[in-house]
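Q: So the chains spell out like this:
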Amino acid sequence: MEALLKVENISKEFGATKALSDVSMTVYPGEVRGLIGENGSGKSTLSNIIAGIHKMSDGKMMFLGAEYRPESVLDSRKKGISLLAQETGTIAGMTVYENMFLGEETAGGKSRFVNARRLKKATKEILAENGLAHIQPEDNVERYSFEDRKMIEVARAVWHDPQILIIDETTTALSHHGRQKIYEIIRQMKKNQKSVIFISHDLDEIMNVCDSVTVLRDGNYIDTLPHDRMNKDTIRSLMIGREFDGRYYRPDWVCTHGEQVVLKAEHIVYRNILKDVSLELHEGEILGIGGLTDSGMHELCKILFGAIRPDKGRVTYMDNTEITSPQTAMKKRIAYIPKDRDTESLFIFADIKDNIVASSYDQIKKQGFIFPKSEHELAEKTAASLQVKMRDVRQYVGELSGGNKQKVAICKWLANESQLFLMDCPTRGIDVGVKANIYLLMQELKKQGKAIIMVSEEMTELIGMSDRILILKDGECSGEFLRQDHPSEQEVIQKML
Amino acid sequence: MQAAKKYVKNYIVMFLVTAAMIALLMFFAPATRSFTTLLSLLKQGIAPAILGWGVLFNIKAGNWDFGVGAEVLIAAIIGGNIAKMLGMGIAGVIVCCMVVGFAAGTVSGILYRLLRIPTIIISIAIMLIYESICGIVFGGKGVSLDLSYLVLSHFPGNVLMWIAGFLIAYILFFKTRIGYNIKAVGSNIKIAEDNGINVKRTKALALSIAGLFAGLYAAVNVGSSGAVRTVSAMGTMGTCFNAMMCVFIGLSIVGGGNIFIAIYFGAVVMQMIQMALMVFGIPTQYSQVVVAIFVIAFMLFSTNAPEIRENIRRKRHGGSFPHLAQ
Chain A
1 MEALLKVENI
11 SKEFGATKAL
21 SDVSMTVYPG
31 EVRGLIGENG
41 SGKSTLSNII
51 AGIHKMSDGK
61 MMFLGAEYRP
71 ESVLDSRKKG
81 ISLLAQETGT
91 IAGMTVYENM
101 FLGEETAGGK
111 SRFVNARRLK
121 KATKEILAEN
131 GLAHIQPEDN
141 VERYSFEDRK
151 MIEVARAVWH
161 DPQILIIDET
171 TTALSHHGRQ
181 KIYEIIRQMK
191 KNQKSVIFIS
201 HDLDEIMNVC
211 DSVTVLRDGN
221 YIDTLPHDRM
231 NKDTIRSLMI
241 GREFDGRYYR
251 PDWVCTHGEQ
261 VVLKAEHIVY
271 RNILKDVSLE
281 LHEGEILGIG
291 GLTDSGMHEL
301 CKILFGAIRP
311 DKGRVTYMDN
321 TEITSPQTAM
331 KKRIAYIPKD
341 RDTESLFIFA
351 DIKDNIVASS
361 YDQIKKQGFI
371 FPKSEHELAE
381 KTAASLQVKM
391 RDVRQYVGEL
401 SGGNKQKVAI
411 CKWLANESQL
421 FLMDCPTRGI
431 DVGVKANIYL
441 LMQELKKQGK
451 AIIMVSEEMT
461 ELIGMSDRIL
471 ILKDGECSGE
481 FLRQDHPSEQ
491 EVIQKML
Chain B
498 MQAAKKYVKN
508 YIVMFLVTAA
518 MIALLMFFAP
528 ATRSFTTLLS
538 LLKQGIAPAI
548 LGWGVLFNIK
558 AGNWDFGVGA
568 EVLIAAIIGG
578 NIAKMLGMGI
588 AGVIVCCMVV
598 GFAAGTVSGI
608 LYRLLRIPTI
618 IISIAIMLIY
628 ESICGIVFGG
638 KGVSLDLSYL
648 VLSHFPGNVL
658 MWIAGFLIAY
668 ILFFKTRIGY
678 NIKAVGSNIK
688 IAEDNGINVK
698 RTKALALSIA
708 GLFAGLYAAV
718 NVGSSGAVRT
728 VSAMGTMGTC
738 FNAMMCVFIG
748 LSIVGGGNIF
758 IAIYFGAVVM
768 QMIQMALMVF
778 GIPTQYSQVV
788 VAIFVIAFML
798 FSTNAPEIRE
808 NIRRKRHGGS
818 FPHLAQ
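Protein sequence lines, in the order shown, are assigned to chains A and B.
Numbered as in the working numbering, the first sequence ends at 497 without a single skipped number.
Numbered as in the working numbering, the second sequence ends at 823 without a single skipped number.
Everything hinted at is true.
Here are some chain B residues the structure puts well away from chain A; computed CB gaps all over 12 angstroms:
#, residue
1, ALA501
2, PHE524
3, THR534
4, ILE630
5, SER722
No more than 30 angstroms apart at the CA atoms, straight line, and that leaves these computed lysine-lysine pairs for DSBU-like:
#, chain 1, residue 1, chain 2, residue 2
6, A, LYS275, A, LYS495
7, B, LYS672, A, LYS124
8, A, LYS124, B, LYS687
9, B, LYS687, A, LYS181
10, A, LYS121, B, LYS506
11, B, LYS503, A, LYS110
12, A, LYS60, B, LYS687
13, B, LYS672, A, LYS120
14, B, LYS506, A, LYS120
15, B, LYS638, B, LYS540
16, A, LYS121, B, LYS503
17, B, LYS672, A, LYS110
18, A, LYS264, A, LYS447
19, B, LYS687, A, LYS194
20, A, LYS435, B, LYS687
21, A, LYS124, B, LYS503
22, A, LYS6, A, LYS194
23, A, LYS389, B, LYS687
24, A, LYS18, A, LYS6
25, A, LYS365, A, LYS332
26, B, LYS697, B, LYS687
27, B, LYS697, A, LYS55
28, B, LYS687, A, LYS18
29, A, LYS120, B, LYS502
30, A, LYS55, B, LYS687
Simulated from the structure, these hints should not be mistaken for lab results.
All residues carry an ideal CB built from backbone N, CA and C; glycine is no exception.
Bound conformation, chain A alone:
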């Protein structure tokens, strides 16, 4: 069979950093190729090169039998390759239809002028075709949820009817419904002899979705496994370069926390999203909060940090201080790690040092002055403690891989010695290695008596790490599980649906 895409000996350097080294890969028509590797292994760099975002430093690509060297994303889209990026790909402040036709406002029109009416009509049709009829083309895209915005990107990518669709860790941001939509698109493409390059850290998902998987490690090609050779342990071992010992979550099965209540939420009501939710968090406790994406758990996390003000109810710290704003929360050493790290947690265009010390100026100031040396020392010490893969602390956060960005987001709160952690999907879109690091860190924090609330959409994570699990359904608490009861996934899911 003739290859659809052939990547031959591609290398890519960013300054002194070698992101890809001599990588080759061949994708055939109707194939769903998984691309897997630890954060920083070069998956996104490779997909970005194929999609025209980055230019390769060396190597060659062939697409549909001809040499392929895209000038830009638009160029690659025109040639038949679309990318669903890992990060948010819609622009806040612009309408849905403007985002849908970003960079292609005159495409398909008869004149060189933009016809907004035509674009709105086309957008409406595209959205309807993709089951997104509730989204209005003329609305500002900000009005919609993270998932809706991601689905707008999906609709945009599919609308171009690509020969190859690259899905870069998109599914981790989506609910069950959103994932099913993506899987349906993949099935349809496969049926039409089109191909998909599928990047995910979810090994189960890779095994279910892909026909074959290519493993990258530290920018190098490691192996390509056909479906009959794909098994989790082999993939994990290839990814990390050693045997995976399988230890991931907490080994114990008992609730081990103090008596002291460190954070209390009482009768929280917020719009129609949360209806009278109360909870208590104890010192040294990992409290898991689970539910469907729209259950209200993400909003609850924001309310606990003071970032959203509830319509009714109150959140209080152990000394009875009411948490009414992020400033109050931070004064009480409460940390918040949001789900959408790129837009809510990190200064993407600032360096690692500035991101890490952003909430720690009070700790490092001397007689009211902040000295660069202290900033550097704190940033370097904290980044080293979580093994952030970086050139140095002056590297821009935007250049880091997803997992390393998440490490920086966590470092920010470790640097200011936070005592209570609100983690909203802390392992979303990150690889097994970084995941394991975060789980170890959570256990370490717990040992130190620090309290953690972990909002998660992953059942195994909730069960594996929490002392107690609260399940939210339609804005209400629908169930509670204790660690010693060893709840099964089935039991937890039953309370969610």
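Use these hints to put chain B onto chain A, whose structure you have.
A: Just chain B now, with coordinates in the frame of chain A:
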């Protein structure tokens, strides 16, 4: 009916704010209670609105361009003098000013692309250079036109200039890719770049467009007053800030309406404030302070509008307000 409702909803804020400001002026200053005053305000808003329209392109693209006032100056002096020398009449003044303004803005854009330094630095350097050039060319005397040129201060010249400027701005912003690209670049450079938009080119084009409107504004100025004198030592910053203020007011009252009409109303409000200062005999030293206070008040309202709406929503739902004081 639905369309009419939508239209009213989109434009009600800007109409009401402007009407309320004018009503206040007329209430406190009986001397201004005349149709002539109202007409005069609407007329005086034309020129600053035109420059504001150009400045909007820069603001939306994320450019800081302090050179736009100097571009007005150089467009008026060089464009006006060339048209005068060649006996081209008022049409020639308009064309020459626009060409020189566009060229002046394009030079800023080219320097920005070549030197790869922030627009704020480029624009300050450009401002100093253009002001100096104006002090040298044509004997440093600026430009002076005879009465036959002065047709842009009254109807229909002023209205035609407003329409021409509005159409150019509207088409560029809403009907061409450059307008959409400018919005995208100003809102999120990374995503814009990832979608194939040439960020540097877009930002440079925004500088050129601002220059074009600086030329149009210069033509209205020369065609209204007949003379423009040279300015030095960053004296053109005032022109630039006045235009920015029209834009800020426009952005705060635009609601769902057309931003260019909102900027025009912003310019009318600015003129109204200036007139009020004169009527109440407030010394000119304080006028900038008063204007600045008004702009801050407008921005305060528009920036906090979502919060205000949220608090109203809470009140309706009978929620408690422990945090309002913060």
